[in-house]
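S.K.: Take a look at the letters that make up each chain.
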Amino acid sequence: MTFRKYLVLAGITLFAATGDSLLSHGMKQVGSISLAHLTSVIFAVLNPSVALGILLLLGFFVSYTTALSWADLTYVLPASSLGYVLLALLAKFFLHEHVSTARWLGIALISSGVGFVTQGPALTHRQPGSTSERQASKSFDTRTLP
Amino acid sequence: MKQAYTWGAILAVVVASSTGDVLLSRAMKQVGDVGKYSRRAGLLAVVGRVVRNRFFLLGLVTMTLAFYSLLFALSWADVSLVGPASASLTFVANAIAGKIFLHEHVDHRRWMAALMVAGGVALLAG
Chain A
43 MTFRKYLVLA GITLFAATGD SLLSHGMKQV GSISLAHLTS VIFAVLNPSV ALGILLLLGF
103 FVSYTTALSW ADLTYVLPAS SLGYVLLALL AKFFLHEHVS TARWLGIALI SSGVGFVTQG
163 PALTHRQPGS TSERQASKSF DTRTLP
Chain R
9 MKQAYTWGAI LAVVVASSTG DVLLSRAMKQ VGDVGKYSRR AGLLAVVGRV VRNRFFLLGL
69 VTMTLAFYSL LFALSWADVS LVGPASASLT FVANAIAGKI FLHEHVDHRR WMAALMVAGG
129 VALLAG
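Sequences listed follow chains A and R, in order. In terms of the working numbering, the first sequence is residues 43 to 188. In terms of the working numbering, the second sequence is residues 9 to 134.
These are calculated hints, taken from the structure and not from any lab test. Keep in mind the model is a prediction, meaning the values are calculated, not measured. Glycine included, C-beta positions come from ideal geometry on N, C-alpha and C. Hints are all accurate, no fakes.
Across the chosen pairs, the derived CB separations fall in these ranges: (1) R:Y76 to A:L94: 23 to 33 Å; (2) R:L51 to A:Y48: 20 to 30 Å; (3) R:A53 to A:K47: 16 to 26 Å; (4) R:I108 to A:P163: 11 to 21 Å; (5) A:L88 to R:S46: 25 to 35 Å; (6) A:P90 to R:R62: 29 to 39 Å; (7) A:V141 to R:V69: 31 to 41 Å; (8) R:L51 to A:F45: 13 to 23 Å; (9) R:A49 to A:A150: 35 to 45 Å; (10) A:P90 to R:D86: 23 to 33 Å; (11) A:K134 to R:R62: 42 to 52 Å.
Below, in silico cross-link-like pairs of lysine-lysine (PhoX-like), each with a Cα-Cα straight-line distance of 25 Å or less: (12) R:K107 to A:K47; (13) R:K44 to A:K47; (14) A:K134 to A:K70.
Given the sequences, and given the hints that come with them, work out the whole structure.
M.R.: Dropping the structure here:
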């Protein structure tokens, strides 16, 4: 794992947490959308918070798919789950919401889980000659590049 | 009956979301390390290679299904139940799916991490 790869994991966390928050904030400003007026969903993207939230969630998707190109799914998901903790801390320190003991315990559990998984290897080592290894090496084959 | 609908929708979210994650992961492993690839061939070549991958497109479809299942679940039950239940069960389902379908080496460290994060999410959002 290089510093750049840790940055990509941090990007997943930050983009998801801030994107979700902005989307939620924007949709509260837009108001509830009834099934009879579904077209108002289209105009919701004109709200600055919703538009910025969508941009940040696009950033999340790019970071997520980038991480999946060099790390296992079972590594990426727990390693990037600090976003839940970030959201709770934002709620505590910026929105001044009450964070209960159960929530602090949740924060501790998630942080420990992230610590656990990031100490291990990011990618499953494939045995040379195995089917999965052949598929992987084929996909990495640069001879197919233009 | 309403409870059965709610848990059916939560199950649909978990299955569709895990399927989407597995398909996206498989697609990106086929594409290869995008950092290395983009340095050699350029960003546009990477994007072209990703969007032409059928697993990637299928992944997007199942992610969309997961999103609509979540909307259905939210129309039947509170977000305080649907959110943590679907998020934490998805972590565990992904660990199982990663082992079975992607042949990833899910050792005790990864199992512990998945369970701890799942428990943490349930406590945080509950």
